[in-house]
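Add chain A to chain R, keeping to what the hints say.
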Amino acid sequence: MIKTFILGLALGLLGAATLVYVTPAVDLQREQSLISVQPNQGNREVFHINLPYDRIFSGSQNGGQNNAFPRAIAWPQQQALDGSDSEIFKLRNSKDIVVGIAARISSTKEASGSFIQWMLHLPARGSIFAGMQPGVTEKGDRDGLLLAGTREFHNMSGTLQERFDTDTGTDISGRLELVASLRTSPGEAQ
Amino acid sequence: MKYLAALLSGLLCGVVLFIVGLYYNPFVGRSTVSPLAISDTDVHSMSYSAVMADSILFTNDGESISKPYPEKVAELWEPTIVDTQLLVTTILDSRGQAAGIGIKMSSPSEKTRLLKSQLLVDSVWHLYIPGQGTLAISQTENYWSYFRDIIVPAWRNSSNSWRGTWTKNMTIGPGALGMAAVTGLSGDFSGEQGEAVESLNAQAYSILQGPVAMTGTLIVAMADPTGS
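So the protein sequences, as listed, match chains R and A. This note's numbering puts the first residue of the first sequence at 464, with every later residue one more than the last. This note's numbering puts the first residue of the second sequence at 36, with every later residue one more than the last.
These are calculated hints, taken from the structure and not from any lab test. Everything numeric in this text was worked out from a predicted model, so none of it was measured. Every residue gets a Cβ at the ideal spot worked out from N, C-alpha and C, and that includes glycine. Please note that a few of the clues may not be correct.
Only some residues are given here: those of chain R computed to face chain A with a beta carbon under 10 Å [unchecked claim]: (1) R493; (2) I519; (3) F520; (4) E573.
Cβ-Cβ distance ranges computed for the label pairs, FRET-style [unchecked claim]: (5) S557/R / G97/A: 21 to 31 Å; (6) S577/R / R191/A: 51 to 61 Å; (7) P515/R / I54/A: 42 to 52 Å; (8) I635/R / P188/A: 46 to 56 Å; (9) K146/A / S636/R: 38 to 48 Å; (10) A88/A / M464/R: 51 to 61 Å; (11) V485/R / D77/A: 44 to 54 Å; (12) Y59/A / D628/R: 50 to 60 Å; (13) T647/R / L43/A: 46 to 56 Å; (14) L43/A / S496/R: 40 to 50 Å.
Chain A extracted, bound-state conformation:
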C-alpha cells in the first residue's frame, strides 16, 4: 500500500514538476530586437489601441475575457469561427495622428506546440491608409509570453488584474527572421512586397475585461520591386 502511495505521489509530483518547468522555462520569452530596427530600408511605424473599448469594433464568441464592443455587435458563435477574433480599429501614424483604418482577423494556429512554449495565432491585417494605399499583412504570432507574463499573474492576483510594463514582439513568422509577410494592394504600395513586425506594449490587464492599457505597434518595411 505504501509503495502505491509513493508511486502515486511521485506521479503527482512529476506532473506538477512538468507544469512548473513548462511555465518557468528560462529559455523562452526573452525580448529580442526586431530585425527591422536595424534595417536600412524605409519603415512605416503605425500603432493602434489594443483596448477593446478604444476600437471601432471588436467581436469574438462572446464568452472570452475580452467582450465584444460595442455591446450589440454580432458574435462569432458558429463552430468554424468560434475561436476567431475580429478587430476594426483606427490606425495612428508615428505622431499619434489618425492615419487610416485597420481590420485584423485572428484565429488560433494548429501549429501551436505547448512543449515549445508556443501559443500560436494566425492573423491577417487589411490596412487602408487614405492617400497612400492599402496593405495586406499575414503573420503568425506567439502569445505564450503574453499568457505567462500577463494573464497568469493577473489571474493569480487577488484583484484579478495585472499592472506593469511589458513589451514584446508578437510576430514570429512566416517570413525569414520571424517577420510577417506584407503585400501592397493599391496606391503607393501597389505591387510592393515587404516585411513587418507587430509588437504589444502593455501597462494594465484585467481578467474581467481584458486589456485595460495596451498599445499595438506595426513596423512595416516595404521593398520597391523596381529597386529604385
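For reference, chain R alone in the conformation it holds in the complex:
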C-alpha cells in the first residue's frame, strides 16, 4: 500500500507540473490585425478614437486653470507643466473594436521646442512611440515619425499620421484617426 501511495505521490507531482507547464497562465484576447500591405514594402494599419466616448483622461494646465477630465482629478499645479496637455483614450481598430490604449502628450512651452507625442499600447502586440510634427498639412493632418517600438513593433520604422474628422454623421462628436505605416528596419535596431 505504501508503494501505491508513493506512486500516487509521484503521479500527483508530475501531473501538477505537467498541467502548469502546458496550461498558459496568461492568454490575452486578440483581435485580427487589419493590416494592408503597401506597394513600397511595409504595412499600413488604421486606428481611431471616437470622441468623446473613448476619452479616459485629459489633463492640462494653461494659465493656472485646472482643465482636467474627469473633473475629480487633481492635476498637479506645477508651473513647469504650463502649456502642456496630456490625454488618454481607448484605441479602436477599423472594425470599431477596442484594441488598446493611446496616450498623447504635448507641450508648447518647452525651451527645446514644442512637441506632440503618441504612445499606443496594444496589450497582445506591443507599444509604439511616435513624435509628431508641430504643424499640420494642407489637409489639416499631422505627420509624425515612429521613435520607438516594443515587441511586435521593435526594430520597425515608419510614420504615424494623425487626422481629426468632425463630420462623422453619427452621435460621435469627432473621430481621431491614427494611420501607422510601418516597415521592418534591421539597421535601426534599438
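Just chain A, lined up with the frame of chain R:
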C-alpha cells in the same frame, strides 16, 4: 479499495507538495543589486507613489484588488484591455520634488511561466520631465516575489493586510542584465538610448484596497550616442 484510497491520497499529497514547492522555492526571489548601482554613467533617480489614491489617475477592469481612482474614471472592461492597468502619476526627483508626469501602461505577459516562478508583466512608461524632455521606457517586470511575499501573506492574515519592509527590483528585461530599454524622445534626451530599472518599496498592503504604503523608483541611465 484501500489501494485506490492510497493512490488518491498520494495524488492529493503530490499536488499539495508541488504547490508548496513552487511557493517556497528557495532559489527565487533573492534581492539582487541593480547593475545601474555600480554603473559609471550618469543616472537619473525618479520615484512615484504606488498607492492608487496618491496617483493622478489609476484604472483597470474595476474588479481587481486595486480600485480605479478617482471613482468615476472609465474602466478598461473591453476584452482586449481587460487585464491592462493604466497609471498616471506625478514623478518626483531624487529630492522628492515634483519633476514631471508619468504614464504607465501594464499588461500581463504571455511569457509568464509559473514553473520558473515568473508572473510577468509587460509595461511601458511615457515620462515627461518639463525642462528636460520626454522618455519612453519599455520593460518586463516579474511580480512573483510581490505575489509571494506580500499578497499571499496579506490574504492569509486575519486582518487581510500585510505590514513590513520589502524592496525588490521588478525589472527583469528585455535588455541585457535584466534592464529596461529607454529611448529619449525629445529635449535633452532626444536621440539617446539608455537602460533603466524599476523597483518597488512596500511597507503596507491591504487585500481590500491594494497598496497602502508603497513607493516605486525608476533609475535611468542614458548614454549619449555621440559618446561625448
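Verification of the hints:
| no. | hint | in the structure |
| --- | --- | --- |
| 1 | R493 | holds, 7 Å |
| 2 | I519 | holds, 5 Å |
| 3 | F520 | holds, 5 Å |
| 4 | E573 | holds, 6 Å |
| 5 | S557/R / G97/A: 21 to 31 Å | holds, 27 Å |
| 6 | S577/R / R191/A: 51 to 61 Å | holds, 53 Å |
| 7 | P515/R / I54/A: 42 to 52 Å | holds, 48 Å |
| 8 | I635/R / P188/A: 46 to 56 Å | holds, 48 Å |
| 9 | K146/A / S636/R: 38 to 48 Å | holds, 40 Å |
| 10 | A88/A / M464/R: 51 to 61 Å | holds, 57 Å |
| 11 | V485/R / D77/A: 44 to 54 Å | holds, 46 Å |
| 12 | Y59/A / D628/R: 50 to 60 Å | holds, 58 Å |
| 13 | T647/R / L43/A: 46 to 56 Å | holds, 55 Å |
| 14 | L43/A / S496/R: 40 to 50 Å | holds, 47 Å |
Checked against the numbered hints given earlier, this structure breaks none of them.
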